[in-house]
Structures are given as structure tokens and as C-alpha cells.
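Asker: Just so you know, the protein sequences line up as chains Z and S, in that order. Take the first sequence: its letter number 70 is residue 70 in our numbering, and every next letter is one higher. Count along the second sequence from 1, add 1000, and you get the number used in our numbering.
Relax, there's no trap hidden among the hints.
Each computed DSSO-like pair below joins lysine-lysine, with the alpha-carbon atoms no more than 27 Å apart:
(1) S:K1044 - Z:K51
(2) S:K1071 - S:K1027
(3) S:K1027 - Z:K36
(4) S:K1044 - Z:K36
(5) Z:K104 - S:K1062
(6) Z:K70 - S:K1044
(7) Z:K36 - Z:K59
(8) S:K1044 - Z:K107
(9) Z:K104 - S:K1044
(10) Z:K107 - Z:K56
Where chain Z lies over chain S, by a calculated footprint (3+ residues, C-beta under 8 Å):
(11) 1045 to 1059
(12) 1105 to 1112
What the hints contain is simulated information worked out from the structure, not anything from laboratory work. Since the model is a prediction, treat every value here as computed from it, not as a measurement. Using N, Cα and C, we set each Cβ at its ideal position, and we do this for glycine too.
Below are the chains, spelled out letter by letter.
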Amino acid sequence: GQQVMQIPQYQHVQEGEDFTTYCNSSTTLSNIQWYKQRPGGHPVFLIQLVKSGEVKKQKRLTFQFGEAKKNSSLHITATQTTDVGTYFCASDSGAGSYQLTFGKGTKLSVIP
Amino acid sequence: NAGVMQNPRHLVRRRGQEARLRCSPMKGHSHVYWYRQLPEEGLKFMVYLQKENIIDESGMPKERFSAEFPKEGPSILRIQQVVRGDSAAYFCASTDGEGGANVLTFGAGSRLTVL
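Just chain Z, with the same shape it has in the complex (with noise of 0.2 Å):
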């Protein structure tokens, strides 16, 4: 399946800043998925992206899918507790796979 690498591994933020995850591929991604995970819950389906440059909004958050379709971004605006969690990007190999493999996670904490 396709390599996807998150960067940061780790991000500690203050109530109200911003965060931004990155995705990564050295290969062009037919789609990128955004998942959360709550520490000690399960992934939960965010977003997908499939077009070259697309954007979308979900309140605090905005998605990214770049021009080259090699990366993505996860950006929230104003951090609240509620955020606190692990958030994934996931990738399947385009037209026919089924295979969906997910970056490492970039953990996320909010301090009040």
C-alpha cells in the first residue's frame, strides 16, 4: 500500500492556539483520509479528499489536499480540550485497492 509519514509526531499546544498536521507521500495519492482517535476510543472518520488543491471546512478545522496530491494538512483553528486526541491521515492505492494505510498519528494536547 502507499507510505504515508505524519509530521509532528507530538504537539503540545496551548488552549486557543493553532495546530496544523502534515501528511506526507513521495508518490501521488488517488485520495487522503482524516481520521481522530480520543485517547483510549477509536478512529473516527473525519473527512476524505480526492481533488488536486481541494479544501474543506468543518468548523475549526481545515483540510488541505495539495496541488501534487503528494501531501495533505489538518489545520484547527483555536484549540479547545475537546480536540485533545490522535489524528491520522489514511491512503489506499487508488482505483481497485481496498487497502487503506494509515500515517503514524500526530498526538495531539491541549493545556487548559
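Put chain S on the given structure of chain Z with help from the hints.
Answerer: Relative to the frame of chain Z, chain S by itself:
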């Protein structure tokens, strides 16, 4: 509308025992994935199944691990002769398998501890 149901949620086994983890997919979903997550690690693909078929088991260790998804009943991930390194969270996810990228709905996971 029950989501993906996994049981047991927590399982403790001694080395050498067997662990059986069960997963019932979401209603209407016929495709099941198993992922393993070690503490502070990402999710590692293990196996992908459809009813009565193993489609891709490239992520499964060659020995001691097996998976099935029978025509009736839940999917089962079976680990024989468990070792301490098998301690992990095992997540099942399901999809409807219909076109496009596979968006996974995960269960709450089964957390295996091997003493």
C-alpha cells in the same frame, strides 16, 4: 442502527493461550477489515475479508493468526499460543464495499493483554 460491534472489549490471556476476537459489521456492510494498534503506534492493516472470503491477508503474521468471516455470524480474528508481543488493541472496521475510496467505520476495539 448499531455500528460496528466488537467483543470482548478487554481480554486477558496468559502466554500460550488462545484469543478469539469477534466483530459484527454495520448493518448493510459486507466487508470487514482488521487492524492492530500497538501502544502509542499507528494502525497496521492485518486482513480484509468479505463474507466467506479472505481477500487480502498480507498484513497477518504467517503463524498463529487466522481470520474468518462466515456466511452467518461475526468475523473472528483468532490468535493461537499468544505471546506478550500480541498485546495490542485490535480494531475491526467495515465498509459497504461500494465504489470509491474505502471509508472505514471502526468498532470500539478489543484490547488484548497477554500476561
